[in-house]
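J.: Here is how the chains run, residue by residue.
Protein chains: 2
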Amino acid sequence: MSDAIDSSKIIDGKAVAQKVEAEVSKTVAALKEKNIFPKLVTVLVGEDPASQMYVRMKHKACERVGILAEDCILPATITESELLNKIQALNADKTVSSILVQLPLPKHISAQTIMNAIDPKKDADGFHPFNMGNLLINEEGLVPCTPKGIIRLLEEYKIDVQGKNAVVVGHSNVVGKPMAAMLLNRNATVSVCHIFTKDLKSYTIEADILVIGVGVKHLIKEDMVKPGVVVFDVGINQDSTGTHGDVDFANVIHKASLITPVPGGVGPMTIAILMSHVVKCAETIGQ
Amino acid sequence: MSDAIDSSKIIDGKAVAQKVEAEVSKTVAALKEKNIFPKLVTVLVGEDPASQMYVRMKHKACERVGILAEDCILPATITESELLNKIQALNADKTVSSILVQLPLPKHISAQTIMNAIDPKKDADGFHPFNMGNLLINEEGLVPCTPKGIIRLLEEYKIDVQGKNAVVVGHSNVVGKPMAAMLLNRNATVSVCHIFTKDLKSYTIEADILVIGVGVKHLIKEDMVKPGVVVFDVGINQDSTGTHGDVDFANVIHKASLITPVPGGVGPMTIAILMSHVVKCAETIGQ
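Same order as they appear, the protein sequences are chains A and B. Adding 124 to a residue's 1-based position in the first sequence gives its number in our numbering. Adding 124 to a residue's 1-based position in the second sequence gives its number in our numbering.
Hints listed in this document are in silico derivations from the structure and should not be mistaken for laboratory results. Incorrect hints may appear among the rest.
Repeated chains share a single entry, so a pair holds when one copy, or any two copies, can fit it.
With a straight-line cut-off of 30 Å between C-alpha atoms, the simulated BS3-like cross-links for lysine-lysine are [as the list claims (entries may be wrong)]:
id	residue 1	residue 2
1	K245	K218
2	K282	K322
3	K231	K210
4	K350	K322
5	K322	K379
6	K163	K350
7	K231	K341
8	K218	K158
Take these sequences, add in the hints, and give me the full structure.
T.: Right, here's the structure in full:
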């Protein structure tokens with residue numbers, strides 16, 4: 125059973141996110157002085173409640189930092205070409221700094237086609253291939269927000285990455301692969317594990333830095349990590365007992381030197397980084 | 125000392141490259157029937173003898189497969205903006221299918237700026253961020269030729285990648301990082317090691333598939349690999365005794381199940397894949 129928790133080991137994602145948002149607010153104020161008004165347009169197709177909630181959270185963050193937020197709500201019956209037209213109109217609209225298409229999209233629309241249509245300079249999510257490629261070749265600009273948030277946490281907690289054994293569990297386009305690229309750019313030795321990995325523990329047990337985002341409650345147990353590991357838990361698993369990460373937090377914390385909680389760890393950082401990206405877009409396009 | 129070598133373990137890169145070139149020749153002939161004449165323009169800045177040799181090798185390969193090859197030789201004193209103008213003219217030239225800028229460029233020119241200026245559809249080398257990003261998100265199109273050549277060798281030798289432990293040594297933009305992405309796209313568990321890795325052997329000894337390209341003669345010794353490993357050696361190290369790979373071939377072969385020699389392994393594949401890319405460009409742009 126888990127003993128008393130040493131709270132000094134908990135990475136306070138909320139506090140760092142507030143710090144990032146305070147920086148963003150300052151930059152927004154300075155931009156407004158120059159008549160530049162950062163604006164995020166969120167594109168929501170259909171009425172998925174989870175997507176609606178995510179969009180609301182992003183709008184609230186915009187409000188907190190002084191970024192204009194505009195809703196573009198479209199019916200689930202919209203065709204791909206109609207949606208492409210909408211994206212092109214937003215690309216052309218000089219008052220729009222950033223465009224965020226909330227995923228998932230209905231099955232009759234190719235998410236990749238839509239992502240590719242967004243002007244890479246307005247791509248606050250960092251999912252456009254051009255931005256992904258710049259990430260891979262260590263010319264990081266707009267990059268996916270969740271891994272970028274983890275990098276910022278590493279910096280805030282003064283964790284030197286170079287030469288460390290980093291293990292990323294999950295190889296999605298949104299978290300695992302960009303996270304691996306960012307850690308490589310900072311000269312960690314990086315291993316990427318996933319559903320096809322034969323002996324997960326043989327990797328996780330060697331990790332100095334462990335990032336996991338696969339959506340399996342408490343996949344990472346205490347016996348799978350080494351003493352002193354720094355753990356970033358991207359998992360969000362809801363059940364009748366509450367919200368759980370991919371890490372068995374209550375037990376793993378005894379071995380970890382630092383660990384993110386769920387909720388309150390990586391999540392708040394993702395949105396704060398998104399805000400910083402909207403501002404970056406506004407600075408780049410001067411609008 | 126090394127015993128007699130079992131030649132059945134040697135991956136014959138030359139033979140597979142010839143097979144690829146034969147496929148390319150066939151496609152070129154079919155394209156010519158449709159009045160499409162694939163053409164590669166190589167841009168060489170300055171008079172570096174190694175670069176001149178590489179360009180010559182590519183022109184010879186073009187000749188073998190029926191691709192038109194054109195030299196664009198520019199003085200080392202050319203400015204970045206003059207070179208950019210040249211690239212833009214080649215982008216606009218409908219008779220040009222592919223543009224290859226031979227690296228390295230003189231120090232006063234940003235290679236990245238030049239790469240970014242090449243039309244991604246004419247990017248036979250696969251170095252443009254847009255193409256690199258599509259690689260990262262598993263939408264592989266034009267990708268770097270050396271790792272792509274290794275993937276083709278894996279296919280030809282019927283090595284299933286999914287679930288295997290793959291170790292990539294070197295994290296360059298040209299080989300290591302794109303190789304890691306391609307192996308991940310095929311569901312290998314992938315570790316990337318490099319100059320900052322603290323205990324290289326602890327990684328290489330676990331590899332089912334080992335790719336190395338760092339330019340250190342015989343870095344990988346027999347005691348660093350496990351029995352049955354499949355080894356791809358991208359290293360080319362010249363000294364007074366000849367050309368050597370990054371792998372101590374004569375000894376490692378006794379433990380490996382398959383291994384590429386240097387020369388005659390990965391090298392010929394790189395050029396054959398380049399040829400296939402020129403044809404792919406010609407098919408895409410219809411010229």
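J.: Does each hint fit the structure? Answer for all of them.
T.: Tested hints:
no.	hint	in the structure
1	K245 / K218	both (12 Å within a copy, 28 Å between copies)
2	K282 / K322	between (33 Å within a copy, 20 Å between copies)
3	K231 / K210	within (18 Å within a copy, 43 Å between copies)
4	K350 / K322	both (19 Å within a copy, 17 Å between copies)
5	K322 / K379	both (24 Å within a copy, 22 Å between copies)
6	K163 / K350	neither (45 Å within a copy, 55 Å between copies)
7	K231 / K341	within (27 Å within a copy, 51 Å between copies)
8	K218 / K158	within (15 Å within a copy, 43 Å between copies)
Of the numbered hints stated above, the single one contradicted by the structure is hint 6.
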